[in-house]
Structures are given as structure tokens and as C-alpha cells.
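Trainee: Sequence order for the protein chains is W and Y.
Heads up, our numbering is the position in the first sequence plus 799, with the first residue counted as 1.
Heads up, our numbering is the position in the second sequence plus 35, with the first residue counted as 1.
Calculated directly from the structure, the hints in this document are not laboratory data.
Heads up, some of the hints might be wrong.
Stated by the list, open to error - Calculated lysine to aspartate or glutamate pairs in the DMTMM-like style (CA-CA distance at most 20 Å, straight line):
no., chain 1, residue 1, chain 2, residue 2
1, W, 985, Y, 108
2, W, 1272, Y, 108
3, W, 1276, W, 1266
4, W, 1011, Y, 122
5, W, 895, Y, 122
6, W, 989, Y, 108
Said to hold, decoys possible - Below, a sample of chain Y positions facing chain W; criterion: calculated Cβ distance under 8 Å:
no., residue
7, 57
8, 70
9, 99
Virtual Cβ for every residue (Gly too), placed ideally from N, Cα, C.
Listed below, chain by chain, are the residues.
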Amino acid sequence: MDHQATNVLLVEDNPGDADLVRLRLVEGQADVRVNCVSRLSDGLAFLARETPTLVLLDLNLPDSHGAETFRRLMEHSPNVPVVVLSGQDDEVLAMKAVHHGVQDYLVKGNISSKNLERAIRYAVERQALLRALEISQKQQLDFKNRFLSHVSHELRTPLTCIHQYVTLLLDGLAGPIAPEQSDHLKTVLKSVNQLHAMIRDLLEATRAESGKLRVEPRCIALGELVQQTIAMLRPTADEKKVGLEIGLDQRLPLVLADPDRVLEVLINLVDNAIKFTPTEGSVMVQANMVEADPGFVYISVSDTGRGISPEAKALIFERLYQDPDSIDNNRSGLGLGLFICREIVRLHEGRIWVSSEPGQGSTFSFTLPVYSLGKLLAPVITHENRLRTSLVLVRVDLTPLSNPPRGNWKETWQQCLEIVQRCVYLDKDLVLPPMGASGAAETFFIVAATDLQRSGIMTTRIREQLERVSDLKTKCKLTITTVPVELPSGHGDATLEQQGENVASSITRMILTTRERSQPGPGKRAKDSN
Amino acid sequence: MPKPKILVVDDDPDLVRALRLRLRANNYEVSTASDGYAAIASAQKDRPSLIILDLGLPVGDGFVVLDRLQSSDVLSGIPVIVLSARDPQANEQRALRAGAAAFFQKPADNDELMNVIRVSLGPETAQPRAAWPS
């Protein structure tokens, strides 16, 4: 053992056992300090103050039993090595603890100073190795991600140059070109666009892997996104003579999702479907509700391609997956598109899957959560089995003073949303998810369980906090308005639940009537030039 | 009517040459600068109607240029379109807040870029700044 004193935290509630272990510890090692506590909570409190060399842990304590004991301790201090003290009839549980990551176990009654010393020494060594491995893995991942984002940035510079000169020639800005030359240049441009898409996917996949892919859910109409996708990919489908159809349920509810991200998923799936559908085939995008699963909207993209084998089905959403039978293998991309789709859908708490029979085409489906104002509002409207006595609807408008002609303020609005969320009481007020696509201006609605007079405190706080956002003050106009929500006075026959629903729908009406400001179209995704 | 003058700031001479060709074909007069310092100097001397600005530049990067333009009474009214290979997730919002009128990631769609140039040169960008309501 090293020269440092061994500092042991002993968590043991039986005084006899504790004394015995302490004795064995002192026998075996001259330089050992033992801190003994009898409850898990005291152990955790100790760990919050100091970092011992090791924890000796009895699993059955007055305030925690069995597996829960090591789980809680390891969750609290994952980097401190733990050796479990087990009863003679408890070795199964002790093994379970080892599988969960404790370093070793000792059976009480068989503890000698020698095997105790040995257990401690190896536990400390193994924990240190594990930690070093973890750190090195993290460093490697960091390095890989930094490398990839650097590379994708550096690749863009020469790509931009190729793109500019090819389009110069194609547009006839450097003199007239012959039809055959134009054809060749179009082929170059197509490859440039493919390369561009791959660079974009590379960066997205890197983000997904390192947990940096974010979704900012809003209340949106899915139909618009489907229409937008179809409009963008219509030329590609026409060129290949593939039909492109939409089948939307007319009564589709609004969904709670990030419009830019959902558009990304739709474009990816439809683009793939066109790619794998032969000429004269067709691609169909559908969205509907499924009775058994009312909390989600089901979206599917079906093609009449050659289908996917069962083996491929299992792997198709994995990163870097390439279809081994692809006829067009050199043009199938990096194999990141579906991986990115899966990560985006997962961040929305939806599901994504594929069903297919070889030769019969494939259907890729995913789900997105329905936006339910009633469900969101229920905890604000009712409290302890009663309707709140007063509710206020607060509207916060942010309007840029000069409209940026392009580019969106998504990040700024997200930052503002987070600020507004910090200005309300979590248990009494609710900041509603923003509505529609993120545009040049933004509106937030807050339903607050308070009266008009006291809501002034909240609006002052919001104004003060938003004004602190750098540059926002000079770039944006901020308006905050408050309206009381009318609540049913008499009890009548309505149940609390019905009353709550009535209030929720009257709030919905208030929002819809107050939200007459016209919003510009959804943030447009940079389109590949053709 | 005189042609609107556009200042292109980028340290890649090949790209600058291509952009100049395209902008001239669209009936703009073009001046160029290849670093941050030259960009400010050129803006002060020539008073362009619009600036196309790269972010990664020698001698004062794009954000320094944006900052200098914004803090100058005579130059802050010139619309700036950022054209950069950098990640929009980390740079678009920052550029817009620093005063840019638009952000394009390279390679940008030509039609879209020309469109935004046209819109930015229009009367709507000449709005004076209003004060924050109290």
C-alpha cells in the first residue's frame, strides 16, 4: 500500500461487528483511520464531506436494505471503491452487488486481518484502473468529436470553392457552354451536393453521439411539415419518375415536437424512400392516429422498393449501417441518416421502426407525442382536489426591431424561454410550449395560479431578467400582457375533472384569439442548390 | 442609377474571385478585403451598401469586424451578411445578435444568397433603431 494513511468509512449498524472489523483493520495496518457510522444517511453525509480510501458497507441498515443500500451509495459516490460486508446467508446479494460495480465482498465471521487488508488493497487498485479507463475513453470520444467537427468545417472551405465555380460555369457567367458540357457540370454539382449532405450528417451524428443533439419542442401542426417535405423533394421524385403522395388524417391533433428536427427526419425518410424505389414506383407519406395509443401521432413513409431483409431490419438504424445488397453502393451515403432519425425521434420520446417484406416495399414509421393542453394544464388548474381560486394568462411578446431577412432567432428565443421558465413557480405556474414554427418574433404564454395583482410581481421579474440578456434590449421589443381567466362560479353538477377541462378549453380559446399576430413561415432549412 | 456597392470580406482569394464574378453579373459593384483590418478600412473609405463577411479571418475575425461596424455611427447602418463555414448552431445567433442581417453557412445556395442581398438592400433595412420600451 502507498504511504498515505488508509481512511476507511465503515457503515455498519451492529456494534459488535463494527468493533470486530475495526480491530482487524488496526491489526493489519499501522496507518489506518476508521470512521464508523451506523446509518446509510450518515455514510452519505460523510461522503459529501470527505473522500475516504474505501467504504466497507453492511447492506442491512436501519434506513436502507439490501440492493438499495449499495445502489444509493454508488449513485452518490461512484468513484469511491466499495467492499460489501455480507452475512453468511447473503452471498447471492453480495454477488449482485459485485455485478453492479462494488469491488469485492467479505463474509462476516470469516474476516481476518490478512484477507481484509488484501481486499482493501485490490479494491483500491481496481477502482483506480477503472477510473483511468473511463477517463481515457472519455478523452478519446472528446478527441474524436472535436476531430470530426474540425474536419467537417475544413472540408467545407474547398467544397464551397468547387460549388461556386461549378455554378458560375453552369449559370453561364463565365461564357456560354455547350449542352454536353452543361450535363457534365450538373453531374459534378450533384456530387458536390452529396458531399455537402455527408458533411452535414457527419456533424449531426457526432452531436447525437456526444449528447449535444437538442430538441426544442413546440406546439406544431404536422401537416405543414409533411407538405414542406414533399415540396422540397418533388423535383427529385419527378426526375426519377417516382410518384409522391400524401395521406393525412384530416383530424390530426397538434404535436409537441421540434419542427426543424421533425423536418429533418421526414426529409431523410422520404429521400431514402425515393432512392430505393424503382422508376414508376411510388412513395406515400401518411399521418394518423391509432386508437390504442391516443397519446401519439403515427407518421409513416412507405415505398414500393425491393424491401428490406429481416437481418437488415435489425441493424438499419445503427450508425454506419450500409445495405450490403445495395445496387447503388457507391452512392448510398455514410449510413448516418437513419441513425440521426432514430436519435431525434428518441429525444421526442417517440418510437421509430421499419416493417418490410423483401420484394414488397418498406414502411418506416415513427411516433410523436400529441400536444395536449388539458393534460399540461391539469396540475395548474386543479390543486388538492379543488379548482384554483384565480388564474391568470400572461403573454410575453418578443419582436425584433429589424427583421433579419434570413436566419432565425431560434437560439435566442430558446434562451428567453429558459429565462421565463426560471421566473415562475414550478408548482403553481406553467410556461406553455411555444406555438408554431420558430419565426422572426416569439410569444410565450404562462398560466399562473395567482391573481392579477400578484401576477405583476412575476411580470416585473420576467422583464428584469429578459432585459439582462446581452444585446436583446437593443434588438427587441418586449411586451407583457396579463388577462384573468374566468372561472366557473357555481359548482353545478360538473365533476372537478369536467370543470378542469372546461377551464383548459377556455384558456385554449383565449390563446387562440390573442394569438392573431401573423407568423412568418417556418425556419427554412438551407436547401441544396441545383 | 448607380450600382449598389458590395464589400466582400474573405481570406480565400479563389472564393472572392468567384463571388465577385457572380455579384457583378447581378449588377453590383464589388470591392474586396481579405482580413478584418482591411475590411474596416475599406468600409470606412468606400461606404459600401452591403458587406458579405467571413468569420474566420486573419487580423481581427468576423466578430471583431461586426463589433467595430456596430460601434461606428456611420457604418452601423450597413447590412452585413455573414457567410462562413462555421457551425450555425454555435455562430448564427451570435452573429445576428452582434448585428448581422443574415447568416449563411458555406456552401450557400446562390439564389437564396442573391435574394437576401436584394432584400437587405431594400428600404426595410433603413429603419432607425427604436428605444427599449420602459
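Trainee: Hint by hint, note whether the structure agrees.
Mentor: Right, here's what the structure says about each hint:
The straight-line distance between the Cα atoms of residue 985 of chain W and residue 108 of chain Y is roughly 46 Å, outside the 20 Å bound, and the hint therefore fails. Between residue 1272 of chain W and residue 108 of chain Y the CA atoms are separated by roughly 18 Å; this keeps the pair inside 20 Å, and the hint holds. A threshold of 20 Å between alpha carbons decides the hint, and for residue 1276 of chain W with residue 1266 of chain W the separation of about 10 Å falls inside it, so the pair holds. About 13 Å separates the Cα atoms of residue 1011 of chain W and residue 122 of chain Y, which keeps this hinted pair within 20 Å; it holds.
At most 20 Å may separate the alpha-carbon atoms for a hinted pair to count; residue 895 of chain W and residue 122 of chain Y exceed this at roughly 46 Å. At most 20 Å may separate the alpha-carbon atoms for a hinted pair to count; residue 989 of chain W and residue 108 of chain Y exceed this at roughly 45 Å. At a threshold of 8 Å, the smallest CB-CB gap from residue 57 of chain Y to chain W is about 6 Å, leaving the interface hint in force. For residue 70 of chain Y, the interface hint is violated, the least distance from its beta-carbon to any beta-carbon of chain W being 16 Å, above 8 Å.
Using the Cβ-Cβ criterion of 8 Å, the hint placing residue 99 of chain Y at the interface with chain W is not satisfied: the shortest such distance is roughly 16 Å.
The structure shown violates the earlier hints numbered 1, 5, 6, 8, 9.
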